[in-house]
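When you get a sec, could you build the whole thing from the sequences and use the hints?
In order, the protein sequence lines correspond to chains D and R.
The first sequence lines up with residues 1 to 326 when you count with the numbering used here.
The second sequence lines up with residues 1 to 327 when you count with the numbering used here.
Mixed in with the good hints, there may be bad ones.
Claimed, not checked - Label pairs and their in silico Cβ distance ranges:
hint : chain 1 : residue 1 : chain 2 : residue 2 : range
1    : D       : Leu-10    : R       : Asp-135   : 42 to 50 Å
2    : R       : Ala-144   : D       : Val-110   : 40 to 48 Å
3    : D       : Gln-11    : R       : Ser-127   : 39 to 47 Å
4    : R       : Arg-76    : D       : Arg-216   : 28 to 36 Å
5    : R       : Pro-239   : D       : Glu-213   : 39 to 47 Å
6    : D       : Glu-92    : R       : Leu-124   : 54 to 62 Å
7    : D       : Arg-231   : R       : Ser-127   : 49 to 57 Å
Derived from the structure by calculation, the hints contain no laboratory data.
Ideal Cβ placement from N, Cα and C applies to all residues, glycine included.
Residues per chain are reported as follows:
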Amino acid sequence: MLAFTLRRALQAIGVMIAVGVIAFSMFRFAGDPVNQIVSLDTPAAEREAVRTSLGLDDPVPVQFARYFVNAAQFKFGVSYQFRQPVSNLLMERMPATLELAACATVFAMVFGILMGVYSALRRDTLLTKFFQAVSLIGISLPTFLIGILLIYLFSVTLGWLPSFGRGDVVRIGWWTTGLFTLSGLKALIMPSITLGLFQMTLIMRLVRAEMLEVLRTDYIRFARARGLTTRAIHFGHALKNTLVPVITVAGLQFGSVIAFAIITETVFQWPGMGLLFVQAVQNVDIPIMAAYLLMVSLIFVTINLVVDILYTIVDPRLRSTISRPA
Amino acid sequence: MTVPVLSVRNLEVEFLTRSSTLRAISGVSFDIAKGEVLGVVGESGAGKSVTGLAVIGLIDPPGRIARGEIYLSGMRIDHLPPEEIRRIRGKRIGMIFQDPLTSLNPLYRIGDQIVETIRTHMNLSESAARKRAIDLLAEVGIPAPEKRIDAYPHEFSGGMRQRVVIALAICAEPELIIADEPTTALDVSVQAQIISLIKRLGRDHGTAVMLVTHDMGVIAETSDRVAVMYSGRIAEIGPVQDVVQNPLHPYAKGLMGAIPTLAGEEKRLVQIPGSMPRLSAIPPGCSFNPRCAFAFDRCRVERPEPIRQGSHAVACHLYDEATETAA
Chain D
1 MLAFTLRRAL QAIGVMIAVG VIAFSMFRFA GDPVNQIVSL DTPAAEREAV
51 RTSLGLDDPV PVQFARYFVN AAQFKFGVSY QFRQPVSNLL MERMPATLEL
101 AACATVFAMV FGILMGVYSA LRRDTLLTKF FQAVSLIGIS LPTFLIGILL
151 IYLFSVTLGW LPSFGRGDVV RIGWWTTGLF TLSGLKALIM PSITLGLFQM
201 TLIMRLVRAE MLEVLRTDYI RFARARGLTT RAIHFGHALK NTLVPVITVA
251 GLQFGSVIAF AIITETVFQW PGMGLLFVQA VQNVDIPIMA AYLLMVSLIF
301 VTINLVVDIL YTIVDPRLRS TISRPA
Chain R
1 MTVPVLSVRN LEVEFLTRSS TLRAISGVSF DIAKGEVLGV VGESGAGKSV
51 TGLAVIGLID PPGRIARGEI YLSGMRIDHL PPEEIRRIRG KRIGMIFQDP
101 LTSLNPLYRI GDQIVETIRT HMNLSESAAR KRAIDLLAEV GIPAPEKRID
151 AYPHEFSGGM RQRVVIALAI CAEPELIIAD EPTTALDVSV QAQIISLIKR
201 LGRDHGTAVM LVTHDMGVIA ETSDRVAVMY SGRIAEIGPV QDVVQNPLHP
251 YAKGLMGAIP TLAGEEKRLV QIPGSMPRLS AIPPGCSFNP RCAFAFDRCR
301 VERPEPIRQG SHAVACHLYD EATETAA
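Structure below.
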């Protein structure tokens, strides 16, 4: 088990090094950063001074090594547009994005599993047909359109929910949260639904398909022959077996929820990392783009690792094959 | 005369399809007394398993019990509401399925599965149920049960898993065990152990056993009586010795003739020509008539009802006195 975890962790580090190379190469291929910083009429001598102060006249391998050592310590340089360390900017924006992604995932899991289980157990009811219609909408409508439609309905027409921003936030250490204020919670609702709707329909469809599959298995038939209650069979025996693949998908989806947050954050002007990234792209702010790339891959790699470990906790068969490698 | 543990009368199970109604079994009647083992044999699709599932109330839509009655120790159980038949399943009727590799939930320790079943049917505390689970595992021959109780199904071999399945089937002291091909998925040496285990449990607890199999050897070794099924009907039923040594129904004769003997002289085994009709194309009259060497006109028109012949009952016009006098 420990050897398995270590092996996976080493693989994760390998992936991060590869991403680091790509992030670094952005600096080399996206034009001369000095031009982004100085104004048009800056004299050549001053340009050289800026170049030297940024270490851009060192040989490429030296620059790469320096970038790498700094990145490992979460130092990503200074943003060209904000003139602030990128890590500060990211840290400031990260709570907003993580909070949004977490709310969206919880929303997607809770409703996805409930709707999936319901539609598998009661196949022909009206409510099941309604859920399936909703899931079709969720899977086929693009995120930004859903966001705009929600804004139109709940902000413009009904005026119930704010159309942009995070509302009032509470600061706990470096972390800011909107979970403890009414306006913060209200501001979370629509972005979470927008961001989570696709995942919700995905989970619902997956749970439904898996559940129908599991209900046909021999051990469910045997559980019925043992006279267990319907409730114990459906929610004890069937649901647990259903959740194995659901955990993988939901876990891996958490990464794309953070990545997809770019669109949702733009629609709702949500002050998170995604919005920062979009602004960085518009202004060719390479340090932010490179750092964002690294952050997102770090999150993806971490989630993959956690999902692999969770897998072995849920499924005892994997546990023993891992501890006793064949 | 005491009331039989299981009494099935004129049972008919049908499956509704889009275009027609398929009759999986019809006119099936038999009794099993306390402590008796009834073997049910026949080809695949003869309706053996469906009969077992009907008794325990696990015929799922589109299937349904269309006619007939099932009595468990004199109490009618075929028309009970789902919740009441559920209470009988596992408690008064235990069931063992064919494939022990897939009968157990892979994500739960076997002990948890046994304790769950015990506590569903008996009013026992967690620790008392666990103690009972260990005793049960010991009884079905699992070595070191107090350690193995916390193992997962994949940590057992096929034979050991079938023992766990049997422990689960008997955990609430049922009056009747339905064993649906309990040895088919096991290798031969393990088969013998499982068979003798089922036999011993039936004897020790006075449990009635309905043993469904297509293996005549298993039947001959285990059963007191045997029912030969063909195409959803019982062709012949009687004490196992009589049916094996002196089968009356042409189909039963064919079946017995197809068993190789160790002592026997080297001659070709008898084959029954053709195959069993599909449910959608059962011929009129006796459903065996297209394959029967003795078929005559009446067999193609009229369906034979069981006729008592000494210790046997056989559904064949050959043994009908009306036919004999006419012929």
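Hint check results:
1. Checked against the hint of 42 to 50 Å, the C-beta distance between Leu-10(D) and Asp-135(R) comes to roughly 48 Å, which is consistent with it.
2. Between Ala-144(R) and Val-110(D) the CB atoms are about 43 Å apart, so this pair conforms to the stated range of 40 to 48 Å.
3. The hint said 39 to 47 Å for the Cβ distance between Gln-11(D) and Ser-127(R), and at roughly 45 Å that hint holds.
4. At roughly 30 Å, the beta-carbon separation of Arg-76(R) and Arg-216(D) lies within the given 28 to 36 Å, and the hint holds.
5. The supplied range of 39 to 47 Å is met by Pro-239(R) and Glu-213(D), whose beta-carbon atoms lie about 45 Å from each other.
6. For Glu-92(D) and Leu-124(R), the hinted distance range of 54 to 62 Å is satisfied, since their beta carbons lie about 59 Å from each other.
7. For Arg-231(D) and Ser-127(R), the hinted distance range of 49 to 57 Å is not satisfied, since their beta carbons lie about 24 Å from each other.
The structure is inconsistent with hint 7 alone, although it conforms to all the rest.
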